[in-house]
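For this one, chain H is given, so just place chain F on it according to the hints.
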Amino acid sequence: MTPMIDVIFLLLIFFVCTASFQPPEQVLPTQVSLPGAVATELPPPEELLDLDELVIGLKWSDAAPAWEINGRRYGDLAQVRAVLEATQEVQPGLPVILKVEPRVPMEHVVDLYDLCRAVGLSRVQFAARVES
Amino acid sequence: MTPKGQQPDCRFDPIGRGQPAASPRAAGSRRCALAAITLLGGALLSLSAAARSDDSADERFLAGLRDRGLYELAETYCSKRLARDDLTARRRAELTAEYARTLAQWAVASPRDRRDDLFRRATGVIEDYLHRQPDGPLSLLIRYQAALNHLARGELLRREAEIAGRADARFEPARGELREAGRLLSDLAESAERLRREVATGAPPRSTLAPRDEVGQPSLTERELIALQRNIEAELARTRTNQALSYPAGSPDRAHALNEAIGLLGPLARLPEHHPRCWPSRLGLARAYRLLGDAATARRTLDAVEQAEPPAGVGLEVRAERLRLALSVAGPRGADDGAASASIDDASIDRILREGRELRGRTSAQLDLAWLETFLTCWRRAAADNNRQSAAHWREQATAMQQTIDQTYGPYWQHRAALLLAEQVRDVPDAADADVQLLIDAADDLYRAGRIEDALAGYDRAAHAAAERGDAGTAFAAAYRAAAIAHRRDDHAEAGRRFRQVSVGQPENPRAEAAHRLAIHHAGELIRAGSATGTSAAMTSSLLADYAELLREHLRLWPESAEADALRLRLGRIELECGRPAEALAVLGRIAADSSIAKQARGEMRRSVAGLQKSGRLADALAADAASPEMLARLAEAYPDEGDVQEAYALALASGGASNQAPAEVLRRALEQYRAVEARSPEGSDRWFRAKYAVAELHFRLGRPDRAGKIIRLVKIVHPELGGPAMREQFERLLGRCERSGERAGTDPR
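Chains as they are written, first to last, in the working numbering: chain H, 1 to 132; chain F, 1 to 750.
A portion of the hints provided could be inaccurate.
[As the list claims (entries may be wrong)] On the chain H side, residues computed to face chain F include the following (Cβ under 10 Å): (1) Leu49; (2) Val83; (3) Ala86.
[To be verified] Beta-carbon label-pair distances, calculated as ranges: (4) Ser561(F) x Ala127(H): 51 to 61 Å; (5) Ile97(H) x Ala610(F): 34 to 44 Å; (6) Ala127(H) x Arg680(F): 13 to 23 Å; (7) Arg103(H) x Pro725(F): 47 to 57 Å; (8) Lys59(H) x Glu637(F): 35 to 45 Å; (9) Met106(H) x Ala610(F): 45 to 55 Å; (10) Phe21(H) x Glu637(F): 48 to 58 Å; (11) Ala127(H) x Glu665(F): 31 to 41 Å.
[What the hints assert, rightly or not] List time: in silico BS3-like cross-link candidates among lysine-lysine, alpha-carbon distance up to 27 Å: (12) Lys614(F) x Lys599(F); (13) Lys59(H) x Lys716(F); (14) Lys99(H) x Lys716(F); (15) Lys59(H) x Lys99(H).
The set of hints was computed from the structure by calculation and includes no laboratory data.
We treat Cβ as the ideally placed atom computed from N, Cα and C, and that holds for glycine.
For reference, chain H alone in the conformation it holds in the complex (with noise of 0.2 Å):
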């Protein structure tokens, strides 16, 4: 008896130290369509019909980075940030869009979403260039 509650404990130590408790990555909130696959449009949450997407650009001007949403400029992360918070308060979960240009460095791709995470804008998606 006494050694195979040794060998339950052993596997119970096993099965503890190998389990993973991160989701999956294809449920992480942002999906990248790539170039190819076949994309199924499925129609926005009715909630969410007629509130635009924010569209948020990211590129690379004179060494430093540039935003716009929706075509309009923004100078600074934190006028990007008041933008996001406003339209947050008005309709939470807006999705949001990110266009980074290629030659934007990492770690400024990684501040913009990690701020659209921040003000609780969950429906992140990057767009991703078609090549031809």
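Chain F alone, transformed into the frame defined by chain H:
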């Protein structure tokens, strides 16, 4: 058919021969002339029979064919027989006469457009014979036939002119024919007299008219020549009477011709009573005296006829003549003397009317017509005296008699009676008190008589009278009939005017829409005729404008008619041709999508849109009141990338133009359309702001003010300028309404 033995005013029955009539107006006169030719045939046959004492089978066969209207067959038979070389001179002459008679009868029974040619051919046959055989046997009788052809034609023309109205110029062709007939008959009378003397004295014939047969004997005996002379005199008297009737009453020409007729009829009237020329000559004499205004002599002549106990038919003729005499010179217009009103012998009229319409079980069309003339005269006199009760009584009597004639006798008499009544109805003021149908019938009769203007006036009067009595249906029918007459005459201006008037006056009438289309048709014909004759550009433009206006009027009054879409296409094309693409678009856009001409309409719409784009007026045109949602829907489908079109369609939907759908459904469709406009417009553009505002407003109208408020606030965050001051003001105002509405609903608008 006239009962056997009845004698109309020209001594033979002009009706009931069974020939097809070309027109009602011509039918009576034609039949009269037909009978004249038949009489001539009888005269020729009797002479021929007297000369030879046997009637050839050919003649009986040809007469049978003619009686049955088989003129073409009779003509072929004659021409084939005449082509043979083995005919004797006498037989050739007989067949020539038969041939000419056949053609003349055919002419009388034919429509007017064929008649002249047949008469010419009949004359040609006679002339050809006389040219080849001037001394042939029976040439005298063939010349007699030629004269009677002119007489028949002249009498026919006179009666037609009389029926068509007493305008002097209408009688001129008749006078020409009658003059020629009189000249030929006078020459014949001289020739016959000379020949008779030569035959009586046994002298050899001196003139080419002297007929001898192939064995050298005269073809006609003295007795036959005397009979021929009497026939010539009787026909000459008939010619003179016809000539007299072709001149106005009281004119010297009429008096002269009547005196000549009296001079000729005098000896004939003294013939023994068993002679076939006796009674007709006596009646003719009395008539001539009456027409001459010598009532006393006419009365004495009639007394003498009556005392001689004539046959029933003649007795009835005498009564008719007496009635006309009693009417004195007051006969109604259209009666054969055409005299002006003067005095009426009421006592005589009363006495003759009491004698009744029948004699020994027989009636007479001539007497019944005289009765009708009497009733009409009394009616006219009562109307002139403002005695409405009496006028109504006589009017009823006249109408009843006209119906009796209509039911009893042939078309000639029906027509004469109807025409007399129609003229009365036209002229007598109290006729409007009568049944409107009487006015319409009178106008019908005038039309059948070829008196178009009088008929049109009659229909107008009937329509007016019916409208005054509130009988819209009859008023429409009368006016429509008048328009139809103008239509049949190809009088495009008049027909168009009348059809438009009648249809616009009563657009609710089931036939109004069709009438208006006919008005459009005639307007089109006017343009066509104008372009064919090289009308000036200004005139063509004016006609085109009238045509377009008619099309617009039609579409305004009957927008749902079966032909509406075809007319819309036509109007759209005109608008395009006239450089008005906006108007063209508005019209074309109303053509139903499932119409058979929808494809053509789309083509024209594209032309219109192209024209508007070129001139930069597309947006204005689409915003115009005339642009229908249906048209915009079709345009939106045809031009998916045209922002102006898409936005105009969305605006039309939002305005609730589709009345056949529930408003909420319309608003949802508008929302969809605005979403499409917004999605296809660059963000931040004027159209994008307008679409955004419209989307918000539609949510508000659909009872979702919170959603509308969110939309505006989000737009305001991202685009604080809100598309400029004007749009900003609208956005702010709508936002305020949304917030107030949210507060009332107890929800947080934020």
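Against the structure, the hints:
1. At a threshold of 10 Å, the smallest CB-CB gap from leucine 49(H) to chain F is about 8 Å, leaving the interface hint in force.
2. A hinted interface residue such as valine 83(H) counts as satisfied when its beta carbon comes closer than 10 Å to some beta carbon of chain F; here the least separation is about 6 Å, so the hint holds.
3. Because the closest C-beta pair between alanine 86(H) and chain F is about 5 Å apart, less than 10 Å, the hint holds.
4. Our hint of 51 to 61 Å for serine 561(F) and alanine 127(H) holds, since their Cβ atoms are close to 57 Å apart.
5. With their beta carbons about 39 Å apart, isoleucine 97(H) and alanine 610(F) fall inside the hinted range of 34 to 44 Å.
6. At roughly 20 Å, the beta-carbon separation of alanine 127(H) and arginine 680(F) lies within the given 13 to 23 Å, and the hint holds.
7. For arginine 103(H) and proline 725(F), the hinted distance range of 47 to 57 Å is not satisfied, since their beta carbons lie about 39 Å from each other.
8. For the pair lysine 59(H) and glutamate 637(F), the beta carbons lie near 40 Å from each other, so the given range of 35 to 45 Å is met.
9. For the hinted restraint 45 to 55 Å between methionine 106(H) and alanine 610(F), the CB-CB distance of approximately 53 Å keeps it satisfied.
10. Here the CB-CB span from phenylalanine 21(H) to glutamate 637(F) is close to 56 Å, well matched to the stated 48 to 58 Å.
11. A hinted range of 31 to 41 Å holds for the C-beta pair alanine 127(H) and glutamate 665(F), which are about 36 Å apart.
12. Of the pairs offered as hints, the one joining lysine 614(F) and lysine 599(F) holds, with about 23 Å between alpha carbons and a cut-off of 27 Å not exceeded.
13. For a cut-off of 27 Å, the pair hint linking lysine 59(H) to lysine 716(F) stands: about 24 Å separates their Cα positions.
14. Taken as a hint, the lysine 99(H) and lysine 716(F) pair is honoured in the structure, with Cα atoms around 22 Å apart against an allowance of 27 Å.
15. With a C-alpha separation of about 8 Å, the suggested pair lysine 59(H) and lysine 99(H) falls inside the 27 Å cut-off, and the hint holds.
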